[in-house]
Amino acid sequence: MNGLLDGYNKGAFFCELMDCAAHDPAVALIAERLAAMDPAELERRARIAEIELFNQGITFTVYSDKDAIDRILPFDLIPRVLTAREWDVLERGVRQRVAALNAFIWDIYHDQKILKDGFVPAPLVLGNANYRPEMVGLNVPHGTYVHVCGVDIIRDENGKFLVLEDNARTPSGVSYVIENRNMMRRIFPDLMDGIAVRPVGSYGMMLQAALAEIAPADVPDPQVVLLSPGIYNSAYFEHIFLAREMGVPLVEGNDLVVQNDRVWMRTTAGLAPVHAIYRRLNDDFLDPDVFRPDSTLGVRGLIDVWRRGNVAIANAVGTGVADDKAIYAYMPRIIRYYLSEDAILPNVETHICGEPGGLAYTLANLEKLVVKPVGESGGYGLIIGPHATRDEIAAFRTQLQNDPANYISQPMISLSVSPTLAGHKLLPRHVDLRPFAITGRKTWVLPGGLTRVALREGSLVVNSSQGGGSKDTWVLE
Amino acid sequence: MNQSQSQSQDTVFHRNPLLLSRYAEALYWFARYMERIENLARILDVTDTFVRHGVDQSGWRSVIQINADEDRFTKLYGTANAENVARFYLVDRDNPTSILSSLFAARENARTLRPLISTEMWAQINVFYNRVRRLTEADAAPSRVSGLCAYFKEQCQAHAGIADGTFYRDQSWAFYCIGKYIERGDQTSRLVDIKYHTLLPSVDDVGSALDVSQWHALLRAASGYQAYRRINPSYMTPSSVAGFLLMNHSFPRSVTLCVRQIEYFLTQLSSGYGLRGAYAAQERLDELRAALMDQTIQQILARGLHEFLDWVQLQFIALQDAIAASFWRKLETTQSQSQAQ
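Protein chains in written order, with this note's numbering: chain B, 1 to 477; chain W, 478 to 818.
A portion of the hints provided could be inaccurate.
Over the 12 Å line for every Cβ pair with chain B, so calculated as not near, a few chain W residues [as the list claims (entries may be wrong)]:
(1) E502
(2) G555
(3) E614
(4) M770
Only pairs whose alpha carbons sit at most 16 Å apart, straight line, appear in this in silico EDC-like list of lysine to aspartate or glutamate [unchecked claim]:
(5) K368(B) - D391(B)
(6) K425(B) - E457(B)
(7) K66(B) - E740(W)
(8) K160(B) - D391(B)
(9) K425(B) - E41(B)
(10) K66(B) - D571(W)
What the hints contain is simulated information worked out from the structure, not anything from laboratory work.
By construction, the Cβ of each residue, glycine as well, lies at the ideal position given by its N, Cα and C atoms.
My request is simple: use the sequences and hints to build the entire structure.
Shown next, in the form of structure tokens:
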């Protein structure tokens with residue numbers, strides 16, 4: 001290998017491109033093509049991409065007094081490539097995780113068997129701020145609560161996939177998955193030429209179909225809508241994008257009204273019935289009658305209509321308890337409990353301090369571990385052992401011993417790297433992956449996902465608010 | 478609403494895509510603001526040219542009058558000269574009638590409409606706005622006004638072209654077009670109202686040689702000069718210019734043509750899309766159309782042009798109110814009622 005990837009040093013990490021190129025001819029071809037690129041030409045294309053994203057409004061908007069300024073999520077034009085074999089593991093793993101999450105949520109709002117059997121401590125669930133007593137005894141179509149799920153996945157130094165977090169409320173970012181692909185087709189057709197990459201364009205149709213599947217069964221051609229908090233929401237672009245891709249109206253709370261136990265939308269022809277709502281609004285804001293009484297973003301009476309089965313809401317109310325850090329630690333057990341299978345995608349090694357073994361291990365290894373508070377009861381903050389002083393560790397030790405059930409601990413995580421354009425070079429930058437799963441009757445996983453990249457050298461923080469960008473994610477056939 | 482009613486409505490809804498009331502309102506205003514920008518750019522451009530050539534000394538003041546901005550302008554800027562007026566209308570973010578403010582409002586409406594409009598339509602106004610918001614006062618200096626106005630017109634025309642080529646022709650298009658033609662008709666009526674009296678020779682001058690170049694300026698401000706010449710090759714009188722701008726059936730910016738377009742699109746709403754809400758607006762419009770069809774310009778002039786145009790402008794306001802009441806404002810009432818229950 002020579003050219004642009006000369007001297008590329010992945011360090012102690014797994015490299016998404018180079019480590020796969022060794023045994024996959026298609027990945028090797030992509031690496032070869034990248035190596036042969038002229039850096040000035042790459043920079044030129046990167047600039048074009050950023051301008052296009054800005055002009056097309058693939059942006060989030062910052063409002064000031066008299067102006068609205070759009071900002072793009074930085075885009076790196078070097079794709080993150082997953083082989084068919086890697087994807088097979090991810091897809092099965094995500095599917096399994098969604099099945100377990102739905103079974104778990106059904107159980108905690110019905111029989112609570114897993115709590116009674118002692119597999120998950122009851123206070124962790126019932127005392128959780130995201131546990132919704134309003135949901136107890138309610139049956140949702142097909143037992144699906146988490147219709148859209150985003151699972152944050154990282155890769156250790158051996159290339160093993162590990163789940164970092166489940167997002168079972170209103171995960172965002174899928175619009176970038178599809179727009180990044182559209183962008184790559186325009187600015188980098190020569191890289192993709194002749195390489196079979198699985199398409200991502202059907203996401204909107206699949207989501208619309210899932211919403212139609214959960215709509216009241218007696219409606220032949222259900223009206224689906226996307227409920228957005230409106231243009232001031234930082235994810236408004238994604239709401240627009242999804243409404244367009246689904247072919248459904250983007251509504252705000254004021255567009256909807258409850259009358260006669262049904263939900264209606266205000267149209268130029270009068271009130272028209274609504275049967276399924278893909279909401280991008282948190283539980284708290286959905287219905288001022290049930291949750292925050294000061295919410296002006298939601299629809300008064302909506303939850304009552306939902307409970308009557310006259311409208312579907314995705315994701316269901318009360319899923320937040322399942323993607324909480326406290327529950328995350330128990331996910332491998334939850335999977336085993338409901339599905340009698342081992343987790344296909346393991347968690348990052350996690351020690352539950354509420355259990356004697358976990359606490360003993362954590363206390364013995366504090367200087368090596370990251371200790372995080374769980375649930376909404378936090379406020380004591382977390383401690384990063386390797387970065388903490390001796391005094392801080394000593395103070396934290398006392399804190400931990402006083403309230404061990406409030407903590408979990410994990411080793412310092414390592415994220416894989418992917419070649420990323422930095423100036424006129426390709427340098428290793430850390431990435432994660434968020435695949436998206438849609439579930440109506442069955443679960444479908446979008447082949448690919450959002451690859452977030454920490455653009456700063458050495459940084460492990462991929463969040464857009466802290467210097468993160470995104471890449472196109474290619475799943476090879 | 479009982480079950481059978483809602484089922485029969487379902488059938489109607491699925492034949493034609495539903496349109497949220499909020500979208501209808503945003504479409505109407507999106508079009509109005511874009512049309513307003515184009516008209517203002519035309520007037521500023523022509524005024525700049527003719528004041529510069531000493532043809533029309535009242536020019537800058539009348540731009541302010543057309544927009545009914547006398548009080549605000551005088552307080553902020555004082556003298557109505559090229560520099561001040563250009564700055565006030567081109568780049569002053571604090572002036573709600575500036576092109577920058579209208580463009581901001583147009584873009585925020587477009588943002589609401591993004592699920593409905595084409596990506597190209599959004600991208601165009603996005604690029605347009607992002608360039609205009611970076612303009613400085615130096616960009617609005619008198620020597621640059623003409624070039625800047627040309628750019629604004631070109632961008633508005635690009636917008637119109639993209640809309641024409643990409644906008645799905647359902648009821649949303651009708652709301653968009655109604656907004657456009659109400660704004661255009663209103664602008665032309667204001668232009669004639671202000672200019673006619675400024676330019677008309679005093680009673681003492683009647684019969685003296687007419688300074689036709691001022692009437693040229695008026696026609697050019699409405700982009701009607703060439704069309705007027707084509708149909709009136711041998712003469713130019715104040716009444717024929719006013720008649721042309723108000724009542725010509727083929728000139729795209731005449732008040733009559735705008736009214737006929739509005740009528741067409743209201744009929745589309747009521748007959749084509751079965752929206753009974755359009756009836757009230759149609760009745761409103763009948764009156765305005767009759768007033769334009771049933772009189773000659775001479776009769777209007779004899780009865781008082783200013784009074785007539787004042788009435789026309791009030792009719793446009795009443796028309797807008799009727800549309801808003803039927804299609805979006807009424808629904809706010811429904812909402813407050815249902816909240817009171």
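Hint check results:
Residue placement check: E502(W) does not keep its beta carbon more than 12 Å from all beta carbons of chain B (closest about 10 Å). The claim that G555(W) is not at the interface with chain B holds, since no C-beta of that chain comes within 12 Å of its own (minimum 24 Å). With a least beta-carbon separation of about 16 Å from chain B, E614(W) lies farther than 12 Å from that chain, consistent with its non-interface assignment. With 12 Å as the threshold on Cβ separation, the claim that M770(W) sits away from chain B holds: the shortest Cβ distance comes to roughly 29 Å.
With a C-alpha separation of about 15 Å, the suggested pair K368(B) and D391(B) falls inside the 16 Å cut-off, and the hint holds. Our distance criterion of 16 Å between C-alpha atoms is met by K425(B) and E457(B), whose separation comes to about 13 Å. Restraint check for K66(B) and E740(W): the C-alpha separation of about 36 Å exceeds 16 Å, so the hint is violated. A threshold of 16 Å between alpha carbons decides the hint, and for K160(B) with D391(B) the separation of about 35 Å lies outside it, so the pair is violated.
Straight-line distance between C-alpha atoms of K425(B) and E41(B) comes to about 12 Å, which keeps the hinted pair within the 16 Å bound. For the given pair, K66(B) sits about 9 Å from D571(W) by alpha-carbon distance, which is consistent with the 16 Å threshold.
When held up to the earlier numbered hints, the structure conflicts with 1, 7 and 8 and fits the remainder.
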